[in-house]
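Number of protein chains: 4
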Amino acid sequence: MYNLLKGKKGIIFGALNADSIAWKVAERAHQEGATFVLTNAPIAMRMGEINKLAAETGSEIIPADATSMEDLENLVEKSVEILGGKIDFVLHSIGMSINVRKGLHYTNSNYEFTHKGFDVSALSFHRVMNVLYNKKAMSRWGSIVALTYMAAQRVFPDYNDMADNKAYLESVARSFGYFFGRDFKVRVNTISQSPTPTTAGSGVKGFGGFLSYAEKMSPLGNATALECADYTITLFSDLTKKVTLQNLFHDGGFSNMGISDVIMDSFMGADE
Amino acid sequence: MYNLLKGKKGIIFGALNADSIAWKVAERAHQEGATFVLTNAPIAMRMGEINKLAAETGSEIIPADATSMEDLENLVEKSVEILGGKIDFVLHSIGMSINVRKGLHYTNSNYEFTHKGFDVSALSFHRVMNVLYNKKAMSRWGSIVALTYMAAQRVFPDYNDMADNKAYLESVARSFGYFFGRDFKVRVNTISQSPTPTTAGSGVKGFGGFLSYAEKMSPLGNATALECADYTITLFSDLTKKVTLQNLFHDGGFSNMGISDVIMDSFMGADE
Amino acid sequence: MYNLLKGKKGIIFGALNADSIAWKVAERAHQEGATFVLTNAPIAMRMGEINKLAAETGSEIIPADATSMEDLENLVEKSVEILGGKIDFVLHSIGMSINVRKGLHYTNSNYEFTHKGFDVSALSFHRVMNVLYNKKAMSRWGSIVALTYMAAQRVFPDYNDMADNKAYLESVARSFGYFFGRDFKVRVNTISQSPTPTTAGSGVKGFGGFLSYAEKMSPLGNATALECADYTITLFSDLTKKVTLQNLFHDGGFSNMGISDVIMDSFMGADE
Amino acid sequence: MYNLLKGKKGIIFGALNADSIAWKVAERAHQEGATFVLTNAPIAMRMGEINKLAAETGSEIIPADATSMEDLENLVEKSVEILGGKIDFVLHSIGMSINVRKGLHYTNSNYEFTHKGFDVSALSFHRVMNVLYNKKAMSRWGSIVALTYMAAQRVFPDYNDMADNKAYLESVARSFGYFFGRDFKVRVNTISQSPTPTTAGSGVKGFGGFLSYAEKMSPLGNATALECADYTITLFSDLTKKVTLQNLFHDGGFSNMGISDVIMDSFMGADE
Chain A
45 MYNLLKGKKG IIFGALNADS IAWKVAERAH QEGATFVLTN APIAMRMGEI
95 NKLAAETGSE IIPADATSME DLENLVEKSV EILGGKIDFV LHSIGMSINV
145 RKGLHYTNSN YEFTHKGFDV SALSFHRVMN VLYNKKAMSR WGSIVALTYM
195 AAQRVFPDYN DMADNKAYLE SVARSFGYFF GRDFKVRVNT ISQSPTPTTA
245 GSGVKGFGGF LSYAEKMSPL GNATALECAD YTITLFSDLT KKVTLQNLFH
295 DGGFSNMGIS DVIMDSFMGA DE
Chain B
45 MYNLLKGKKG IIFGALNADS IAWKVAERAH QEGATFVLTN APIAMRMGEI
95 NKLAAETGSE IIPADATSME DLENLVEKSV EILGGKIDFV LHSIGMSINV
145 RKGLHYTNSN YEFTHKGFDV SALSFHRVMN VLYNKKAMSR WGSIVALTYM
195 AAQRVFPDYN DMADNKAYLE SVARSFGYFF GRDFKVRVNT ISQSPTPTTA
245 GSGVKGFGGF LSYAEKMSPL GNATALECAD YTITLFSDLT KKVTLQNLFH
295 DGGFSNMGIS DVIMDSFMGA DE
Chain C
45 MYNLLKGKKG IIFGALNADS IAWKVAERAH QEGATFVLTN APIAMRMGEI
95 NKLAAETGSE IIPADATSME DLENLVEKSV EILGGKIDFV LHSIGMSINV
145 RKGLHYTNSN YEFTHKGFDV SALSFHRVMN VLYNKKAMSR WGSIVALTYM
195 AAQRVFPDYN DMADNKAYLE SVARSFGYFF GRDFKVRVNT ISQSPTPTTA
245 GSGVKGFGGF LSYAEKMSPL GNATALECAD YTITLFSDLT KKVTLQNLFH
295 DGGFSNMGIS DVIMDSFMGA DE
Chain D
45 MYNLLKGKKG IIFGALNADS IAWKVAERAH QEGATFVLTN APIAMRMGEI
95 NKLAAETGSE IIPADATSME DLENLVEKSV EILGGKIDFV LHSIGMSINV
145 RKGLHYTNSN YEFTHKGFDV SALSFHRVMN VLYNKKAMSR WGSIVALTYM
195 AAQRVFPDYN DMADNKAYLE SVARSFGYFF GRDFKVRVNT ISQSPTPTTA
245 GSGVKGFGGF LSYAEKMSPL GNATALECAD YTITLFSDLT KKVTLQNLFH
295 DGGFSNMGIS DVIMDSFMGA DE
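Chains as they are written, first to last, in this note's numbering: chain A, 45 to 316; chain B, 45 to 316; chain C, 45 to 316; chain D, 45 to 316.
Misleading hints may appear alongside valid ones.
What the hints assert, rightly or not - Over the 12 Å line for every Cβ pair with chain B, so calculated as not near, a few chain D residues:
| hint | residue |
| --- | --- |
| 1 | 179 |
| 2 | 243 |
| 3 | 255 |
| 4 | 285 |
| 5 | 286 |
As the list claims (entries may be wrong) - Just some of the chain A residues that point at chain D, by a computed CB distance under 7 Å:
| hint | residue |
| --- | --- |
| 6 | 147 |
| 7 | 151 |
| 8 | 154 |
| 9 | 199 |
| 10 | 207 |
| 11 | 208 |
| 12 | 212 |
| 13 | 216 |
| 14 | 223 |
| 15 | 228 |
| 16 | 310 |
| 17 | 311 |
No lab work stands behind these hints, which were simulated from the structure alone.
Here the structure is a predicted model, which is why all the values come from computation and not from measurement.
Glycine included, each C-beta is placed from N, C-alpha and C at the ideal position.
Bound-form chain A, shown alone:
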């Protein structure tokens, strides 16, 4: 619509289906003039419909397990080759808790599951940046964004070990972002998005009720996947070159609310 990403080249992780934020980011990036490679875990791709998105946006797909350095090296090398130059933007939208999937309560974790979820959800971001950094694959003033959630700062009991993984992920954004900024002028940020009815989000217990709660707490209501994509585009554009090491709340104001009138009224009714 605005040509904000005209000529820019990217890699987008995590477009599972049309509900995914990464899917919307791909569509919007395409509209804004970018070319990019789509990637996902081989197993996620079997579940997903990513071919449709690839066709729609003229993109190639390179499967990669984000916990495999070999896969990531292959991904980055091929992407640079396919796109014809260094990478301008990367979206990391990867998260999964086996403890959640298996219905294990936070106070009763299986630590093998915790390690595996940590590797997929948090450490993968370090791995991705490691490969991009050491292969010098990012353009100067490029932009790397990972999606996160406010459970990294505050307690949402059903978010389980994903909360801790997101805290680690946000720390990696700062830690690696420093070196990426210092050495390549690349910025690294996280977007802390409203609860969003994606395949991943919907796995959390009581998600529907929580969605409604967040909607009523936020003065502008929850941010949608499409709105998140719009916001992500601004962070990939040349208009935000000096924003780095930040965790940016995109949530209709939820993060800075103590209580809203609507929640108060709803609670008062419930309380009587």
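Since chain A is already given, all that's left is putting chains B, C and D on it; use the hints.
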């Protein structure tokens, strides 16, 4: 009970009646072996029962309008004289919004009221420290504490301009705390306390309902005035000498909650 | 360049001269297709060269003292009239400390100066939003931005009472932002910008040295006034509709640095 | 000195030698009337002089690898037996990065090392609480404290993956602290301590220079290990019952400094 403040000398602002946090701090400071001067605005003293507290704790009362430099200078000079030496601890527990009292909505402030409330609630903390600093009235490793509320960080719609005043107050704690630390090794902190059913707190619209909401959100429940006094004593003691420029939440965990199970259940019921 | 603000109408406070961030915002907003009214305090306009900017961007100028409700009401009414409809975006870039100007140290404030500076720098933001809110002058999904500085969170000794004013300003953004969001779907945010060599910034003692320090601490270096304008444009655009109540650091990463290698090396040299 | 922990029972992890913060906490807890069990990794105990501390404080030692559920279960069971009742306080002071030890730069991590360091430094805190929670081994109103460092919030380049581990640890404190509070009225907090010349701290590159930098940045100077122990005692005492889910900076004010006069002067000298 522990002699934590044995031999320490203090000034306590804001003990209005037995519900006041400052009242409890005075009682606890007395039990811990401190001597101190009680002070309050002349007008608040007419409403209060501070004489009872003075008798109970063997304290003298020196009225002072915290917006009057003359009153504050008199207070500090006399306190040093009465207590027989420099001041070890100060509690600032002063807050008042005329906009709230007059029922003016935040979007419809009377700015004379805003200025007056700002002077009483926020700037008074600067004035108090100004006098203590310039009269060199604080002992080395002394401790200054002001009470605040989380509306300084997040939106509580009925808290009105007190929210903004508390944000200013917390900033003054940092700004003046730097100079007090650098020059006199005095620490300055704020305690951000749970909503508390004091005379001041109860003035806020819908306070009862909010109290119940906060109780259900906080894993340990709301902190009481007496518990706040206990916590304040630790900050006046020699065990916290290197804590400074901090805003310390004393709230049963509320500040770091996104949602609790109890609130979620209550909300889900209300929602159906 | 991108038509990001095509057809949008705005009011821009604080364009003093070509160094001002507000000046750059005006130029960039013009390039992006917006029309707007320029405003400044009558006294600032005598110092400034705002006519040049008005000519360049095809804007009208309406002088307004941001501490006068009458002036602000006139400004908003006339702006809606001139622009032919409700306001889509507002930039508040106003700040001034008389204590700083008069060389009074923070520990030795003149409280009349403090009140006046507070009115101009902090309360003015409430006043501006009050008028816009009560006149229902903002479009749905409009955007209000105020410029601030990190001294609101951390101690920069020479920033004096401007630090506390900025803390208040940021609180007003949240407090009023809630009502603006709830009732009109308008977002309100602050941008916390790198130290910038504007007329206002340069008034701070030791500014040159501090600029160099911040440059060396920030992995991407300091953000310039023009870069700040670019970032502001994204916040005025339709791509950031669900970002509200936020304080957004635009500072090359400074805010999340503990120490950089360059500062460490420089310090180690100095220390020997 | 004050009998603050009279009759309280505890478990203290991580007393390696007389420089360790945990060592000082043990000494101070003993002085305040507590009894406790000392524990450390078997390998750390070979390096340490913990027997001396045990003799001095009348404590038993139970070796435990904090990444082994079996060891932790044995530790908790035996501690309850030895101490004659449930546990009132726990100190977690465990941290180690193999990447740091092996001299691997953050941008060049060995991910097996990262996983191992994560397990020891961060996940161990979850494991410890898991065992205490599921064995119902904590007394009501008990207190759990872990030591952390500000690299969890801001970039300190040489802190390597310990920064990310500390971010995870602090998140675990909130996540598990919620359930511990809700179900057992136990509070969980982290203390974010000044850089401290312990065996662990000294392993970080350029530690001496950084210590001096932090000293000059902090208005009260760096907090010592003994001061940290004093502060920890207050968090174990009954005076802080409603403080939970918090990360508490104990750092002479460093965390809220933007710049100090001393650093500015030192930097200006260096710059010329």
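A quick look at each hint next to the structure:
no. : hint : in the structure
1   : 179  : holds (20 Å)
2   : 243  : holds (21 Å)
3   : 255  : holds (14 Å)
4   : 285  : violated (6 Å)
5   : 286  : violated (4 Å)
6   : 147  : violated (16 Å)
7   : 151  : holds (5 Å)
8   : 154  : violated (11 Å)
9   : 199  : holds (4 Å)
10  : 207  : holds (5 Å)
11  : 208  : holds (4 Å)
12  : 212  : holds (5 Å)
13  : 216  : holds (6 Å)
14  : 223  : holds (5 Å)
15  : 228  : violated (11 Å)
16  : 310  : violated (22 Å)
17  : 311  : violated (18 Å)
Violation of the numbered hints given earlier is confined to hints 4, 5, 6, 8, 15, 16, 17; the remaining hints are satisfied by the structure.
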